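K.L.:
Here is how the chains run, residue by residue.
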Amino acid sequence: MNDKQWQMWLREQAEAARVDLPSADQEKMWQRVQARIPTSSAVWDWKQWAVAALTAGALLIGARFTASPQPAQPVIPSQTLSLILMDAASETVSPPSEPSASSASHAPKTDAAHAAEDPKTPLEPLPVARRDAIRRHTPTPPAVTPPAPNVWQEDRTVCEGVHTWPIPPEVGTVLSASLNGRPLKTDGGKVKLRLRPGRYRLVVKGTAGEWICRIEAAARPDAAFEFTVALDGRLMVEAPEPVGREWWRWDQQERAPEEIRTDFIAPAGIHEIRRVVESPQGCRDTAVRLVKRPLSHTVRIPNVITPDGDGRNDTWQIEVSPQPTSFEVRVVTADGRTVFRHHALPVQWDGTCGDRRCPPETYFYVVRLRFSDEQQSRTYSGTITIKY
Amino acid sequence: MHPPSTPRWHVWVSGSRKGDRVCQRRLFDHFLPMVMAVAMRYMGTYPDACDVAQEAFIRAFQRLSELRDVEGFPAWLRKITVNVAIDALRARRRFQPLDAVDCRPASSAADEFHSDAEAILACMAALPEGYRLVLNLYDVEGYSHREIAEKLGISEGTSRSQLAKARRMMQQLLKQRGIER
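Chains as they are written, first to last, in the working numbering: chain A, 1374 to 1761; chain B, 33 to 213.
Mixed in with the good hints there might be a few duds.
Which residues of chain A face chain B? A partial, calculated answer using Cβ under 8 Å [what the hints assert, rightly or not]:
hint	residue
1	L1383
2	Q1386
3	A1387
4	R1391
5	V1392
6	L1394
7	Q1399
8	M1402
9	W1403
10	V1406
11	P1411
12	S1549
13	P1556
Because the hints were derived from the structure by calculation, they are not lab data. Model, not experiment: these values are computed from the prediction. A virtual CB, placed ideally from N, CA and C, is assigned to each residue, including glycine.
Just chain B, same shape as in the assembly (with noise of 0.2 Å):
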């Protein structure tokens, strides 16, 4: 499911923004594992994870000849899904205080997981919302807290504070599926 070490996807970009059906398909199809791992990493759900993966490519298809960099397609599609992803969260007012939030984990006792991968997109799954948003952004995307309280319109301190405890509570949720960080 990993790109090949040879991308043929720079073809399918080209024809993709000629309006090429065919390329459009074969892109959907060679990108949405990993526009699903975003989406799972922020929505948590399934369900939720398909809606904000659909959109996200709707949005790309309908951008693409905004991209400059072919290049650079696959970091663009994840930044529009991120964006999608929190605009989702967003439309659905369910950012609340964190501590109001159940912060119980899932019980994972019956899952396996195939890699640490696997095992991270569950874990995440499990947290409070608000707790995966911010660990998602910052500690994986790389933004920083102004840009995150920018984004979420949150203060700073809301988001170092949500961060502490969302990788307290990841590492956590990793010990108890075997995998010590």
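If we strip away everything but chain A, and leave its shape as in the complex, we get (with noise of 0.2 Å):
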């Protein structure tokens, strides 16, 4: 026998395999599955609505060529009536019925209603005084199917990214969760979600119940921005225009988008610049960058000093700005003899060596200082002459 004749004969036998459960555990099934799945009397199709409608309209019709006013009436339920209904439809509504013992057995004939919907049973004829009774009424339009009391559903709002949901207790042990139809695993009640911007829709199903959860995923907007700083410390920020809000901060501190977006000057020093986005949807997201403006350093050394007392360049002056943390200035002479050694500022030298005017002549100097926003020490190197 070849493969597809192996196929067809084992299809064969399986299709043709059955399996009969005994009595006690069909009904022990049928009662856990009849317990989770719905059922409404009150749904009708639309032959039952065209029915309802006509005899309405009858009744109303009806109704205003009678001149004497009804009695009160007793309330009558929808139910009863739609069974009148029916039987004016039967052909309609009613399936064929079917001699059968054994499925009749398991037909639970609780009252009238049920046993007009079961379809072997034919639908006896009301008695006259009731149906005239049952048409006063004008017909209730019947109820929206209501859902199946064990199961809940949601609706949820949420932005793209990672949720952790509790499952609610209501639907006992989970015995399965799906996202969209994919299975889902379950960690101690909760559920573990990765959202993209989209419509999903998440189902736990548990031994008391269900959880349908009609899930609407947000996309986050996106807060990222570029900026330079020119060299007077004008901010140029490039960022586009959120789609809903945006806040900014410096330095922790709320400032307006418009002084950030314009004419914003950075202080020297490194800040912190933050900018967060709402989308209409209420999805943030957060974006911080670093600002740094270097310190505008000034060292000014002249090279020149004439001390003659015409109080012009008389001492020699050293300007630093801003004031460095250390600061170091030697004075020296061509054959390294040193005349002039200062640890501060200011720096005034009259061009003295020791307790006598030096000798007209070129000097070398060596100044050493460092600033407080520069990790290394900067040393300017040069010669400093001295005119009478």
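Got two chains here, separate frames each, mind docking them using the hints?
P.N.:
Here's what the structure looks like:
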């Protein structure tokens, strides 16, 4: 026997196989099944609606021609009324009868309504008096099918990303969970979802019920931005206009977007700039950047002094801005002899070597200083000439 | 137990769609043996098959409004049962490398079968779970190796090799029960 023949034979045998359950097991299973499936005798199809509308219209027209007012009538359940209407249209809604003793034994026949729905039980006509009493009432529209009592439906709108939600305890022991039909893991009574923008359907089935959650995941906005700092400290921000709202913070202080986006001067130093964007759906994104504006260092060292007492260039003055954290200056002669040394600002050397005036010649200086925003010291060296 | 030549269940399907409990019960009674047979083919044990059959009926009744062609209800129900069974097997995480599974066939000397179909169910129950799954999906349900690989998360080559081993073992089991194919 080749593969095709084997397949055909096996399929034929498999499809012919039947497994009968003991009636007790079958009944137990049915009880569990019917507890979790929808039922509603109030759900009408279009034929029933048509019959109801026609009957109601006929009754209303008939009532207009009735001169005598109607006495108060007892309230008749809509269920019973629907039976009357179904009776009128029995050829459309009554399933054909089938003699089957075995299946008939399973049909619960608790009341007249159930018996009427039983396809095997012919609907007995109601007494004329009762039918008239019912017809005096305007039929009430059937109620919308209520959800099964053990099914909880919920709609959630969330932002994209990872969400961990606890499973409602009403579900009972979790049997299965799925997101858009794909099985999900449930750990410790929670479901962990990784959602991208879109619609999802979360179904968690438990021993006591079912939790159906329709999820709409909204896209998260992008708060990223670029910026440059000009030499004068002017901040130039490049950030797209947000669809929703945006907030700016400069060193933890809120600033108006207009202020940051136009003519904002960044002070020297390192600062934090933070942008928060919120979409119309309430999803937020935050971007944090550091703005570093270097200090403007100034070091001016004259290369000549004329200590002749005329009030111009009489002393050697070194200008340093901003104030350095450490400073040292030394002036030496050509043969290496130190003639001036100082460790702090300001420096005012009048061209004396000890207690005498230095000879008019060229000397060498070395200035070593360090600014607060720099890791390493700076060294300046050059010549200083004394003239008289 | 077989469906009658003139099917009456299409009326019950229509009634079940409206939420008619009586029609639902009749549909359940009528198709339960078929659903149980499918579940037994996949699950191998009676309690597991009962669980799958129950879940299959619940799922079928809940989604009955999605059924377009009433005449196709039996095939639709069978497919639901197969899917429920696969889901159940996946949930149990009992997919193991098949060579690591004890492949000894169950003893069947005392078994008496009234038909080949019943014997086949018993033989399938004796197959290791992975063999049983691939054999059912390929030979009975008619899935391709690619579809099986996608459904079970295995490679096509694994599906082919498992099928070959499953067929060999199945034929051996049938031979032991006196069914020569």
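K.L.:
Holds or violated: the hint that V1392 of chain A contacts chain B, with Cβ atoms closer than 8 Å.
P.N.:
holds, 4 Å
K.L.:
Would the hint on M1402 of chain A be counted as holding, given a Cβ-Cβ threshold of 8 Å to chain B?
P.N.:
Interface hint status for M1402 of chain A: holds (5 Å vs cutoff 8 Å).
K.L.:
When the nearest CB of chain B is found for Q1386 of chain A, is that gap smaller than 8 Å?
P.N.:
The hint holds - Q1386 of chain A has a Cβ within 8 Å of chain B, the shortest such distance being about 5 Å.
K.L.:
Min Cβ distance, P1556 of chain A to chain B: is it shorter than 8 Å?
P.N.:
holds, 7 Å
K.L.:
Double-check R1391 of chain A for me: the hint is only fine if its C-beta lies closer than 8 Å to a C-beta in chain B.
P.N.:
Since chain B brings a Cβ to about 4 Å from R1391 of chain A, closer than 8 Å, the hint holds.
K.L.:
Measuring from the C-beta of L1394 of chain A to each C-beta in chain B, is the shortest one below 8 Å?
P.N.:
holds, 6 Å
K.L.:
For the hint on V1406 of chain A, just tell me whether its beta-carbon gets within less than 8 Å of chain B.
P.N.:
With a closest approach of 5 Å, the V1406 of chain A hint holds.
K.L.:
Should the interface hint for W1403 of chain A be scored as holding, given a Cβ-Cβ cut-off of 8 Å against chain B?
P.N.:
holds, 6 Å
K.L.:
Does A1387 of chain A pass the interface hint, meaning its C-beta sits closer than 8 Å to a C-beta of chain B?
P.N.:
Given a least distance of 5 Å, the restraint on A1387 of chain A holds.
K.L.:
When the nearest CB of chain B is found for L1383 of chain A, is that gap smaller than 8 Å?
P.N.:
Holds - the Cβ of L1383 of chain A comes within 8 Å of chain B, reaching about 5 Å at its closest.
K.L.:
Checking hints one by one. Is P1411 of chain A an interface residue toward chain B, by the C-beta closer than 8 Å rule?
P.N.:
At 6 Å from the nearest chain B Cβ, P1411 of chain A passes the 8 Å test, so the hint holds.
K.L.:
Should the hint that S1549 of chain A touches chain B count as held when the rule is a Cβ pair under 8 Å?
P.N.:
holds, 6 Å
When the structure is compared with the earlier hints, no violation turns up for any of them.
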